[in-house]
Amino acid sequence: MAITFASDEWAKQFKDEVNKSSVYKSAAKGWKWTVGLVVEAEPDKNFPESRGVVMDLFDGEARDIKVGPAADAQKCDFVITAPYSRWKQVATKELDATKGMLQGKLKLKGDLPTIVRYTKASQEMTECTARVPVEWPDES
Amino acid sequence: MHGPSTGRMARRKLDEAGLVQYASSEPSAFAGMLGGLIEANVVADPDKRKDFDALAARVGIWVTDIDEGVTLVFDAGRLTVYNGLEPNRTLTIRAEAETVMSLSNLKIGLFGVPVYFDEVGRGVALKLMRGKLRIDGLLANIATLNRVTRVFSVQ
Chain C
1 MAITFASDEW AKQFKDEVNK SSVYKSAAKG WKWTVGLVVE AEPDKNFPES RGVVMDLFDG
61 EARDIKVGPA ADAQKCDFVI TAPYSRWKQV ATKELDATKG MLQGKLKLKG DLPTIVRYTK
121 ASQEMTECTA RVPVEWPDES
Chain R
141 MHGPSTGRMA RRKLDEAGLV QYASSEPSAF AGMLGGLIEA NVVADPDKRK DFDALAARVG
201 IWVTDIDEGV TLVFDAGRLT VYNGLEPNRT LTIRAEAETV MSLSNLKIGL FGVPVYFDEV
261 GRGVALKLMR GKLRIDGLLA NIATLNRVTR VFSVQ
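Chains C and R supply the protein sequences, listed in that same order.
Sequential numbering from 1 applies to the first sequence in this note's numbering.
Sequential numbering from 141 applies to the second sequence in this note's numbering.
Since the hints were made in silico from the structure, they are not lab data.
Treat the hints loosely; a few may be bogus.
Claimed, not checked - In silico EDC-like links for lysine to aspartate or glutamate, alpha-carbon gap of 16 Å or less:
(1) C:LYS29 <-> C:ASP56
(2) C:LYS99 <-> R:ASP207
(3) C:LYS99 <-> R:GLU208
(4) C:LYS120 <-> R:GLU259
(5) R:LYS272 <-> R:GLU238
(6) C:LYS120 <-> R:GLU236
(7) C:LYS99 <-> R:GLU236
Claimed, not checked - Away from chain C, derived, C-beta distances all over 12 Å, residues of chain R:
(8) GLY158
(9) GLU226
(10) LYS272
(11) LEU279
(12) GLN295
Even for Gly, the Cβ is constructed at its ideal location relative to N, Cα and C.
Please model the entire structure based on the sequences and the hints provided.
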C-alpha cells in the first residue's frame, strides 16, 4: 500500500529498506555522520511546507530516520536541499542523484571528499527510497 | 557523531591563500564541486599539496550525460576553474557522471600510480577499453594524468 511521502510511516519504511540492503551495509562501512534532506515547499504541488528528513546513519546501518521541520535537517553534518518536485524525480529515478548534484539541482552542504568517497552508498540510498511505495501529494 | 570539516570552510581558507579561483563570477555547480573537492584534498593531504604545487596543465573534464564540463588550469600551486572547455588543453577527460565520480575514488598505489586492479580501478579500466571513458592526450601525458588523479582522488 502506498504511503504519503515524507510522513512518519514513509520514514519508517525507508529506514527498513536501508537496513535490508546488503549493498548499502557494505558501501557505507565507516560512515559516521548525520545526513539531512531538506524538502522545500511547493504549495502549487500540494506540498505547502518545507520538511526535513534527519538520518542517523552509522557504519552501514540506519539507526534512525525521522521526518520533522526543515531546520532539524539543516543541523546535520551533510545537508542536501531541493524542492519537493526534484526529490520526487530522484525517488522515481527520473533524476540520478549524482547528476543532480553535479548540475546543482540538488544542493549539497558538507565535506565533499567524504561524500564522494561514499558515492556508492548514496546511490544505494536512492535505490532504497525508490523501493518505498509512495503516494505523492501532487497526485492525490 | 563526529562532524566533518565543511567544504565551505576549506574553500574560505584556500581562497585566503589564493590557491583556487573561479574564472566566472558564477561558477557552475560542477565547477564549484570540482574546485571544492580539489581544495579540500590539497588542504588535508601534504602529498596532494606537493602534487598540486608541481602541476602545470590544462585539464578538461566533460560529463557526457549532463552535457557540462570544466577546464582546470593548474599553474604550479594555483588552480583556476573555468566553466566549460577552454582551448589548448593538455588532457581532456570525457565520461558519464558516475565514471567521473569513480575517477575521484581511484586508490593511489606504489610510486603514486593509481590502482587499476581493485573494484573501482577495474571499472575505470573497463570503461576506458570500451570507449565509455575517453582521455584525449593520454599517451603523451601519462605522468600528468597520474598527478591530476592523485590531486583529484579522495582516497
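Hint check results:
no., hint, in the structure
1, C:LYS29 <-> C:ASP56, "holds, 14 Å"
2, C:LYS99 <-> R:ASP207, "holds, 11 Å"
3, C:LYS99 <-> R:GLU208, "holds, 10 Å"
4, C:LYS120 <-> R:GLU259, "holds, 12 Å"
5, R:LYS272 <-> R:GLU238, "holds, 11 Å"
6, C:LYS120 <-> R:GLU236, "holds, 15 Å"
7, C:LYS99 <-> R:GLU236, "holds, 9 Å"
8, GLY158, "holds, 20 Å"
9, GLU226, "holds, 19 Å"
10, LYS272, "holds, 15 Å"
11, LEU279, "holds, 28 Å"
12, GLN295, "violated, 7 Å"
Of the numbered hints stated above, the single one contradicted by the structure is hint 12.
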